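Novice: Protein chains in written order, with the numbering used here: chain A, 30 to 141; chain B, 14 to 127.
If you are wondering where the hints come from, they were derived from the structure by calculation, not from laboratory data. Note that this is a predicted model, so its numbers are computed, not measured. All C-beta atoms, glycine included, are put in the ideal place defined by N, C-alpha and C.
Among the chain A residues that face chain B by a calculated CB cut under 7 Å, a handful are: (1) E71; (2) G72; (3) L73; (4) F118; (5) Y127; (6) K128; (7) L129; (8) F131; (9) G132; (10) S133; (11) G134.
Using 30 Å as the maximum straight-line C-alpha spacing, the simulated DSBU-like pairs for lysine-lysine come out as follows: (12) K78(A) to K106(A); (13) K39(B) to K78(A); (14) K89(A) to K39(B); (15) K106(A) to K85(A); (16) K81(A) to K39(B); (17) K89(A) to K106(A); (18) K78(A) to K89(A); (19) K39(B) to K26(B); (20) K97(A) to K85(A); (21) K78(A) to K97(A); (22) K106(A) to K81(A); (23) K97(A) to K81(A); (24) K39(B) to K85(A); (25) K39(B) to K106(A).
Chain A is nowhere near these chain B residues, computed Cβ spacing over 10 Å in every case: (26) S20; (27) D43; (28) F77.
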Amino acid sequence: GNSVTQMEGPVTLSEEAFLTINCTYTATGYPSLFWYVQYPGEGLQLLLKATKADDKGSNKGFEATYRKETTSFHLEKGSVQVSDSAVYFCALSAGSSYKLIFGSGTRLLVRP
Amino acid sequence: DAGVTQSPTHLIKTRGQQVTLRCSPKSGHDTVSWYQQALGQGPQFIFQYYEEEERQRGNFPDRFSGHQFPNYSSELNVNALLLGDSALYLCASSLGGQGTETQYFGPGTRLLVL
Numbered sequence: 030g031n032s033v034t035q036m037e038g039p040v041t042l043s044e045e046a047f048l049t050i051n052c053t054y055t056a057t058g059y060p061s062l063f064w065y066v067q068y069p070g071e072g073l074q075l076l077l078k079a080t081k082a083d084d085k086g087s088n089k090g091f092e093a094t095y096r097k098e099t100t101s102f103h104l105e106k107g108s109v110q111v112s113d114s115a116v117y118f119c120a121l122s123a124g125s126s127y128k129l130i131f132g133s134g135t136r137l138l139v140r141p
Numbered sequence: 014d015a016g017v018t019q020s021p022t023h024l025i026k027t028r029g030q031q032v033t034l035r036c037s038p039k040s041g042h043d044t045v046s047w048y049q050q051a052l053g054q055g056p057q058f059i060f061q062y063y064e065e066e067e068r069q070r071g072n073f074p075d076r077f078s079g080h081q082f083p084n085y086s087s088e089l090n091v092n093a094l095l096l097g098d099s100a101l102y103l104c105a106s107s108l109g110g111q112g113t114e115t116q117y118f119g120p121g122t123r124l125l126v127l
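With these hints in hand, go ahead and build the complete structure from the sequences.
Specialist: Structure follows, in structure tokens:
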């Protein structure tokens, strides 16, 4: 079945460091891929998405490229800020299914 | 432009009780999905409502039921509550027919079952 695997956290970085959070997926067909962010005590906010191979989603300095050959959608940011501290979820929706399938989340902690 | 709203924000119940959670979708959206997020986990799909019908259901028992109203708002009902039902319940709205449409989430209702 369809699934998403994320790197385990927590990921601890200093402010202005480079961020990579790995995400790989298993899916039939051509899924749409998403990154959501969850700040403490809040719901999920859509960060970026990509709907076909080689698409790059970007928002607020974050980027992720849909790589079908490696079934990956890694999240990157060139210079993190303390305010980026949150839990990041990779997700997919695929085929005729209407549901989002989420990874287990990666907690990011950015220290000043 | 109003986003997805949920009520209540927090709820405490005891085992065996019943609970109803409410969701209003983002303006212009006609589809509502419900997810359960246990502490430290990713959200798990409960079901989705479209045109007042349950369109798809996840791996949840029949104790979980829902409803969608003509104005597209939705309710999630959970009967015979168990301790394991303690979680953050998230509502997400989207537009229409395609499964790959972006889902926008509300802030959630945190349910504690004692």
